[in-house]
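Undergrad: Next come the chains, spelled out residue by residue.
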Amino acid sequence: MKTFFARLLTLFLLSGALNAYAVSEREFNTPGINVVKARMQARHGQLQAYYNSGAVGLNLDGTIELRDEASVPLVFRRKLAALVDAENQDRETLYGEISNAYAHPEWRVEVREVFAKRWLKHAHRGWWIMSDHGWIQK
Amino acid sequence: MKRIAIALLVLGLSACVSHNVYFPAAAVEKGADRIIADVWSLKDKAKEKK
Numbered sequence: 482m483k484t485f486f487a488r489l490l491t492l493f494l495l496s497g498a499l500n501a502y503a504v505s506e507r508e509f510n511t512p513g514i515n516v517v518k519a520r521m522q523a524r525h526g527q528l529q530a531y532y533n534s535g536a537v538g539l540n541l542d543g544t545i546e547l548r549d550e551a552s553v554p555l556v557f558r559r560k561l562a563a564l565v566d567a568e569n570q571d572r573e574t575l576y577g578e579i580s581n582a583y584a585h586p587e588w589r590v591e592v593r594e595v596f597a598k599r600w601l602k603h604a605h606r607g608w609w610i611m612s613d614h615g616w617i618q619k
Numbered sequence: 009m010k011r012i013a014i015a016l017l018v019l020g021l022s023a024c025v026s027h028n029v030y031f032p033a034a035a036v037e038k039g040a041d042r043i044i045a046d047v048w049s050l051k052d053k054a055k056e057k058k
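Chains A and B, in that order, give the protein sequences. When you read off a place in the first sequence, starting at 1, and then add 481, the result is the number in the working numbering. When you read off a place in the second sequence, starting at 1, and then add 8, the result is the number in the working numbering.
It is possible that some hints are incorrect.
[Unchecked claim] Which bits of chain A does chain B cover? Going by a derived footprint, with three or more residues having C-beta under 8 Å, they are:
1. 518 to 524
2. 582 to 592
[Claimed, not checked] Only pairs whose alpha carbons sit at most 30 Å apart, straight line, appear in this in silico DSBU-like list of lysine-lysine:
3. A:Lys602 / A:Lys560
4. A:Lys619 / A:Lys602
5. B:Lys38 / A:Lys518
6. B:Lys38 / A:Lys619
7. A:Lys560 / A:Lys598
8. B:Lys38 / A:Lys598
9. A:Lys560 / A:Lys619
10. B:Lys38 / A:Lys602
[Unchecked claim] Calculated from the model, a selection of chain A residues having no Cβ within reach of chain B, i.e. all distances over 12 Å:
11. Gly535
12. Asn540
13. Leu541
14. Glu550
15. Val553
16. Asp566
17. Glu568
18. Ala597
19. Ala604
20. Ser612
21. His614
22. Ile617
Hints are computed from structural coordinates only; laboratory data are not their basis. Built from N, CA and C at the ideal position, the CB exists for glycine as well.
Construct all of the structure, not just a fragment, from the sequences and the given hints.
TA: Here it is as structure tokens:
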């Protein structure tokens, strides 16, 4: 009987783990998410230089911000502002797509919070990130 | 023992139901890491060359 008990427990744990894995795999691979992701990937090619230069920084709320416009040549400023806007819109769309994939649109807030932390954590060395005390260079 | 097994069964089933009631922070974090890695191309470039 003890082995039966142990087997049952193992089965539960295993199915729980598999279930969680399958859900996260499915929830992050919807067509909607992949479309936004592809756009963001393409845009990153243009934004990367501005992260490196510090013209654009990462906010605490999962958005990016034009923090040093003066460092950008005049002719590129409008384009960069548009890039930042488009990126923030796509990020918001991404958070929405993920919460929709879970069939919990109201989770957008939590998803945004998780992403905000992870963007900051994965920010490259030298990039500017917002902290409780203002902008700091990672 | 049978009662414990039934209790476990009920617990397991209720866990399945409640699975999507609480925000799955760990799963979302994992997914976020994957998306961020893809967007910022933190993966090794060898994969892209294939």
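Undergrad: Each hint should be assessed against the structure and marked as holding or not.
TA: Hints, one by one, checked against the model:
Counting residues of the segment 518 to 524 of chain A whose CB falls under 8 Å from any CB of chain B gives 3; the rule of at least 3 is met. With 6 residues having a Cβ less than 8 Å from any Cβ of chain B, the segment 582 to 592 of chain A passes the three-residue criterion, so the hint holds. For the proposed pair Lys602 of chain A and Lys560 of chain A, the alpha carbon gap of about 27 Å is at most 30 Å, so the pair holds. Restraint check for Lys619 of chain A and Lys602 of chain A: the C-alpha separation of about 10 Å stays at or below 30 Å, so the hint holds.
For the hint pairing Lys38 of chain B with Lys518 of chain A, the CA-to-CA distance comes to about 16 Å; that is within 30 Å, so the pair holds. A C-alpha spacing of about 22 Å is found between Lys38 of chain B and Lys619 of chain A, which places the hinted pair at or below 30 Å, so the restraint holds. For the hint pairing Lys560 of chain A with Lys598 of chain A, the CA-to-CA distance comes to about 27 Å; that is within 30 Å, so the pair holds. Of the supplied pair hints, the one linking Lys38 of chain B and Lys598 of chain A holds, its CA atoms being roughly 12 Å apart against a limit of 30 Å.
Our distance criterion of 30 Å between C-alpha atoms is met by Lys560 of chain A and Lys619 of chain A, whose separation comes to about 25 Å. Taking the CA atoms of Lys38 of chain B and Lys602 of chain A, the gap is near 13 Å; set against the 30 Å cutoff, the hint holds. At roughly 17 Å from the closest C-beta of chain B, the C-beta of Gly535 of chain A stays outside 12 Å, upholding its exclusion from the interface. For Asn540 of chain A, the requirement that its beta carbon stay farther than 12 Å from each beta carbon of chain B is met, with the minimum near 15 Å.
Here Leu541 of chain A stays apart from chain B, with its beta-carbon at least about 15 Å from theirs, past the 12 Å limit. A cut-off of 12 Å between C-beta atoms confirms that Glu550 of chain A is not in contact with chain B; the least separation is 23 Å. At the 12 Å boundary, the C-beta of Val553 of chain A stays outside the reach of chain B, the nearest C-beta of that chain being 21 Å off. No beta-carbon of chain B is positioned within 12 Å of the beta-carbon of Asp566 of chain A; the least distance is around 17 Å.
Here Glu568 of chain A does not stay apart from chain B, with its beta-carbon only about 10 Å from theirs, under the 12 Å limit. Non-interface call for Ala597 of chain A relative to chain B: violated, since the shortest CB-CB distance, roughly 9 Å, does not exceed 12 Å. At roughly 9 Å, the least C-beta separation between Ala604 of chain A and chain B is not larger than 12 Å, which violates its mark as non-interface. The claim that Ser612 of chain A lies off the interface holds: its Cβ sits roughly 19 Å from the closest Cβ of chain B, which is beyond the 12 Å cut-off.
For His614 of chain A, the condition that its CB be more than 12 Å from all CB atoms of chain B holds, with the nearest at approximately 24 Å. For Ile617 of chain A, the non-interface assignment is confirmed: its Cβ lies about 19 Å from the closest Cβ of chain B, beyond the 12 Å cut-off.
In this structure, the earlier hints numbered 17, 18 and 19 are contradicted, and the remaining ones agree with it.
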